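Here is how the chains run, residue by residue.
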Amino acid sequence: MIVALSIFLITIGSVAFHFWSPWWWTEVASNWGNMDDTILLTFWITGAVFIAICFFVAYCVWKYSYKKDRRAEYKPEDKKLESRLTWATAIGVAALLAPGLVVWNQYVTVPKDAYKVEVFAYQWGWKYRLPGEDNILGKTDIKYINDENPFGLILEDPNGKDDLLVDAQELHVLKDRPVKFELRTIDVLHNFYVPQFRGKMDMVPGIVTYYWLTPTRVGDFEVLCAEYCGTGHYAMRGRVIVDEEKEYKKWEAKQITFEKMLAKNRKNDNLQLVKKDK
Amino acid sequence: MSDEYEHKLEAKSDYAGDASSVSTPDIDAVPDAELPDQELYHSHSWWTTYVFSQDAKYIGIQYALTAIGTGLLGLVLSWLMRIQLAWPGLGWLEPSSYYQFVTMHGMIMVVYLLTALFLGGFGNLLIPLMCGARDMAFPYVNMLSYWAFVVAVVVLLASFFVPGGPTGAGWTLYPPQAITAGTPGYNGGIILMLISLILFVAGFTMGGLNYIITVLQLRARGMTLMRLPLTIWGIFTATVLAMFAFPALLVGCLMMTLDSLLGTSFFMPAMVSLGETLTHEGGSPILFQHLFWFFGHPEVYIVALPAFGIVSDLLSVHSRKTIFGYRMMVWAIVGIGALSFFVWAHHMYVSGMNPWFGFFFATTTLIIAVPTAIKVYNWILTLWRGNIVLSLPMLFSLGFIVTFLNGGLTGLFLGNVTVDVPLSDTYFVVAHFHMVMGIAPILVVFGAIYHWYPLVTGRMMNETLGKIHFWITFIGSYAIYFPMHYQGFVGVPRRYYEIYDSPYIDVSTLLLNKFITIAVLIVGAAQLLFLYNLFASARLGKKAEKNPWKANSLEWQTPQMPPEHGNWGKEPPKVYRWPYDFSVPGAKEDYIPQNQPPSEIIGAKVEKT
Amino acid sequence: MSKKKSIFQLLTEKPWEQDQIEADNEHQGQTVNLTKQKLGLRTLMAASTVLFSLFIVAYSDRMLVHDWRNMPEPWLLWFNTGILVISSLVFHQTTKYAKNEFFDKTKNGLYFVGFLAYSFLIGQLIVWYQLMNTGYYATSNVANAFFYLFTTIHALHIIGGIYFWGKTTSKFIKKSLKKEEINNLIDICAVYWHFLLAVWLVLFGLMLSS
Chain A
1 MIVALSIFLI
11 TIGSVAFHFW
21 SPWWWTEVAS
31 NWGNMDDTIL
41 LTFWITGAVF
51 IAICFFVAYC
61 VWKYSYKKDR
71 RAEYKPEDKK
81 LESRLTWATA
91 IGVAALLAPG
101 LVVWNQYVTV
111 PKDAYKVEVF
121 AYQWGWKYRL
131 PGEDNILGKT
141 DIKYINDENP
151 FGLILEDPNG
161 KDDLLVDAQE
171 LHVLKDRPVK
181 FELRTIDVLH
191 NFYVPQFRGK
201 MDMVPGIVTY
211 YWLTPTRVGD
221 FEVLCAEYCG
231 TGHYAMRGRV
241 IVDEEKEYKK
251 WEAKQITFEK
261 MLAKNRKNDN
271 LQLVKKDK
Chain B
1 MSDEYEHKLE
11 AKSDYAGDAS
21 SVSTPDIDAV
31 PDAELPDQEL
41 YHSHSWWTTY
51 VFSQDAKYIG
61 IQYALTAIGT
71 GLLGLVLSWL
81 MRIQLAWPGL
91 GWLEPSSYYQ
101 FVTMHGMIMV
111 VYLLTALFLG
121 GFGNLLIPLM
131 CGARDMAFPY
141 VNMLSYWAFV
151 VAVVVLLASF
161 FVPGGPTGAG
171 WTLYPPQAIT
181 AGTPGYNGGI
191 ILMLISLILF
201 VAGFTMGGLN
211 YIITVLQLRA
221 RGMTLMRLPL
231 TIWGIFTATV
241 LAMFAFPALL
251 VGCLMMTLDS
261 LLGTSFFMPA
271 MVSLGETLTH
281 EGGSPILFQH
291 LFWFFGHPEV
301 YIVALPAFGI
311 VSDLLSVHSR
321 KTIFGYRMMV
331 WAIVGIGALS
341 FFVWAHHMYV
351 SGMNPWFGFF
361 FATTTLIIAV
371 PTAIKVYNWI
381 LTLWRGNIVL
391 SLPMLFSLGF
401 IVTFLNGGLT
411 GLFLGNVTVD
421 VPLSDTYFVV
431 AHFHMVMGIA
441 PILVVFGAIY
451 HWYPLVTGRM
461 MNETLGKIHF
471 WITFIGSYAI
481 YFPMHYQGFV
491 GVPRRYYEIY
501 DSPYIDVSTL
511 LLNKFITIAV
521 LIVGAAQLLF
531 LYNLFASARL
541 GKKAEKNPWK
551 ANSLEWQTPQ
561 MPPEHGNWGK
571 EPPKVYRWPY
581 DFSVPGAKED
591 YIPQNQPPSE
601 IIGAKVEKT
Chain C
1 MSKKKSIFQL
11 LTEKPWEQDQ
21 IEADNEHQGQ
31 TVNLTKQKLG
41 LRTLMAASTV
51 LFSLFIVAYS
61 DRMLVHDWRN
71 MPEPWLLWFN
81 TGILVISSLV
91 FHQTTKYAKN
101 EFFDKTKNGL
111 YFVGFLAYSF
121 LIGQLIVWYQ
131 LMNTGYYATS
141 NVANAFFYLF
151 TTIHALHIIG
161 GIYFWGKTTS
171 KFIKKSLKKE
181 EINNLIDICA
191 VYWHFLLAVW
201 LVLFGLMLSS
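Protein chains in written order, with this note's numbering: chain A, 1 to 278; chain B, 1 to 609; chain C, 1 to 210.
If we strip away everything but chain A, and leave its shape as in the complex, we get (with noise of 0.2 Å):
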């Protein structure tokens, strides 16, 4: 009786603390509302199916516990019974399976309108390089790297000489525009996530991922690393900033070429073997 009873409030509880508790997602601020839209119908079957078979168990405990003058049916099986059984849990799962697919299939397929950002990693912390205005990434390599230039741009691509080099923790992207996230790392796997944006993708060091989202509501987001990558994976994070428009070219202007950045560093390294000389 008390282990039956204990069955059906476990699972009076469970669905109580799904409606009712505090703790639900962030409000969607990309175009992946419709993950949210898979995940409630995954709630939906699951959930149904998780009150079914608790409620059967409880109800079974109740109503054949133990008895010394009773005995068990005796039935090793039903074909009948298991073949239907196997067939709805052959169609709930293909429910649950044909939009994942779906909305997979939006995820990884880019948009040609896409204006290219690149996210730059490192243990740990986070930098940003945008095309410039011919629109292409210059080419990068890890020997490359040095204080001179610390995103390691290939100095021999002209495509690299325009680009916009964002050596800070803060991002801006516009809103209503669909942006490409190109993902580098130097070092070990990241992962750029933002809560809010609900996209998630590894960076691998060696390669270059990606992923895509429009943003659609103007705000201040957190980023975080939700890749493993050491001891201060707790503290990587930056952020995120949808602007509008005007604002954001505001953001953009301040934002200096990799061939000023370059010719700057240059200059400071020989002011100071110039003070080492003295």
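These aren't lab readings, by the way, just hints derived from the structure by calculation. These numbers were taken from a predicted model, which means no experiment stands behind them. A hint or two may mislead.
Stated by the list, open to error - Okay, derived cross-link-like pairs now, PhoX-like style, lysine-lysine, Cα gap no bigger than 25 Å in a straight line: (1) A:K68 with B:K542; (2) A:K68 with B:K570; (3) C:K14 with A:K75; (4) B:K546 with B:K570; (5) B:K574 with C:K171; (6) B:K542 with A:K75; (7) A:K67 with B:K467; (8) A:K161 with A:K139; (9) B:K546 with A:K68; (10) C:K14 with C:K99; (11) C:K14 with A:K80; (12) B:K543 with A:K68; (13) C:K175 with C:K99; (14) B:K574 with C:K14; (15) A:K68 with A:K112.
Starting from the structure of chain A, add chains B and C where the hints point.
Same frame as chain A, but now just chains B and C:
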């Protein structure tokens, strides 16, 4: 063929015809043994009896105790981590120790506790007894297997005492992070971890060889494969999986050891580690992830399948009812085992592998849900119209059904590639895998220990203590992991030493963390109760009668209980039926042991299905 | 026991039905008609095959990266391969001698096989020595690292084989076992020798062709 068949039908109708008459010795007839009885090793000294024992039962107990001892360390580590998470202001742990404890907790629980306990512990104890063998096929190799495991554990624990401490790479040990300067234990602890795993794999292979050969070749007369209890099916299939999955771990470990010690570039790409350019070039971190999960996913089922098997037997025995759909259960075990090699990359949806793999692996992953669901249906249909004894094993089995159902269903979230994107690497994942391969199998372990304890010690465990233990463990762990899923929805990432200054995390999430930690401490403390019960009952427990649960399977039918060396006395048993003949219509008792000859249970009749 | 069943037939048996019960009571408790050592060896070879296959997969994956530089193939490797082929052939012949109870021939065969196995190992060591002398270190390129790794793992398998060869040979000479038992052991060692030859040919072929 047809002749033979008709002949059998005739024989059958005769038999049905004079069922009421006196038994004839005829129906008990079994052909003479074609195979010689198994030769047995007899120990001669104290050392070979109690330390380097070659008796599978004894090795099983050694394995179980070593695994549980190591698991206790894992439990304590989880306390330390949870206290840090609930009261970050205390400055209780350094970030590096936090990550080291996370790593060691994970690795210990998955490999050194659950794998070793289910296969090494229950496998050794139950395979020979349930199959009707005198011992394992290669007892000496079996003994080596246990001692290799001991050495592996010692090496693992030694990593706490090397400079830099144990590795803090996370149990997945992903390079490049695992062996570069930003991670605690990157040059000492990780090497010991890799060596320990290599030793574990070597030891396991020796044990696994024994389990496979014993199940296939050394069964009692009359024991066909389809007459084996589902426990054996689960352990056997899990062993086969392990034999094919552990090589992947071995390959990954070997190559990473070389990357770390010699500076090769199997997995290590060109990189700048904390400002220093390393000499590695061109290695592929994703290759390691593929290897790791090619092992790691079957590993989930290496833990789950024995639990599935054992819980099926517990449910059947304690509800006095035939397991429902035995054949489906066997197919599901085998099917899940086979499919588990085709789903590994669902751990890698957002790893940066080719995103088009997502379609394939999401599909295979959701397909595997079907046989798993069938198992759940068959468990609950076993309860239907049963005669349910609410003994301790039954309680734990019911707890297993609820937690496994919960964890299995959240698996449908994570397996579905789109849903995984927002949820991966959050506390939703942590909650999911603890529910499905932490709590659920552990509940089975407890149920199994309460069930088979009399077989090992000849005494029963204390029922009252057991019930307290059950309620705290079951309700408590549900209270830990159910709310944790919702932290995942909020977006709290896993493997964060602290996160409480984040703008989107409000006070209530912090509060939830405190609640969870308190539950962890209580549930952990309840395990001390269990340990007390485990050790004290060996002396103080009520003496068990023979076959105390009135079970059918062979392990309870030995001439002595606990069974002696060689298990079966003079002659190994002959098997006349499958192990699920509970409540057979017409039979006097509600159970018929597998080795009971037909002449003793005349009256019992089973309808053709 | 006598009749062979497919795995599907086996798994669809209904063990609770009367005619199945009667058939099952005749069963002798053994699944396949092999000695436990033979089946054990097959299990180990299966696991080992998985191990080497995964190495090969890793090799093929890693090969595609631009930093890959092929290694030279020293002629001595061909010589070592030859040794391995011969030792396999000799072992095959030895099992035949053993079956026909030619004691001396079998003994010589076993000794010769052991000699060849040791020669192979020494040959491999010399190859290592030559390569390192010419600057092909494991660290200089991952192709070299794979070569050293493959040869080491293969050599460890051979060393394991030599251990069992030693035990078998000494039992054979002491005549401490029955004829079937010792022949069983010799057969097993021979099968293992063929297996390691096959593994080596695949690995060597892979390294040659890439």
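Against the structure, the hints come out as follows:
1. A:K68 with B:K542: The given pair, whose Cα atoms are some 23 Å apart, holds under the 25 Å limit.
2. A:K68 with B:K570: violated (36 Å)
3. C:K14 with A:K75: holds (12 Å)
4. B:K546 with B:K570: This hinted pair holds, its Cα atoms lying about 19 Å apart.
5. B:K574 with C:K171: violated (35 Å)
6. B:K542 with A:K75: The given pair, whose Cα atoms are some 35 Å apart, is violated under the 25 Å limit.
7. A:K67 with B:K467: Cα-Cα ~21 Å, so holds.
8. A:K161 with A:K139: Satisfied, since the Cα-Cα distance of roughly 10 Å is no more than 25 Å.
9. B:K546 with A:K68: Holds, at roughly 20 Å.
10. C:K14 with C:K99: violated (42 Å)
11. C:K14 with A:K80: Roughly 16 Å separates the two Cα atoms, so the pair holds.
12. B:K543 with A:K68: The hint holds at about 23 Å.
13. C:K175 with C:K99: Within the cut-off at roughly 14 Å; holds.
14. B:K574 with C:K14: holds (19 Å)
15. A:K68 with A:K112: The hint is violated at about 73 Å.
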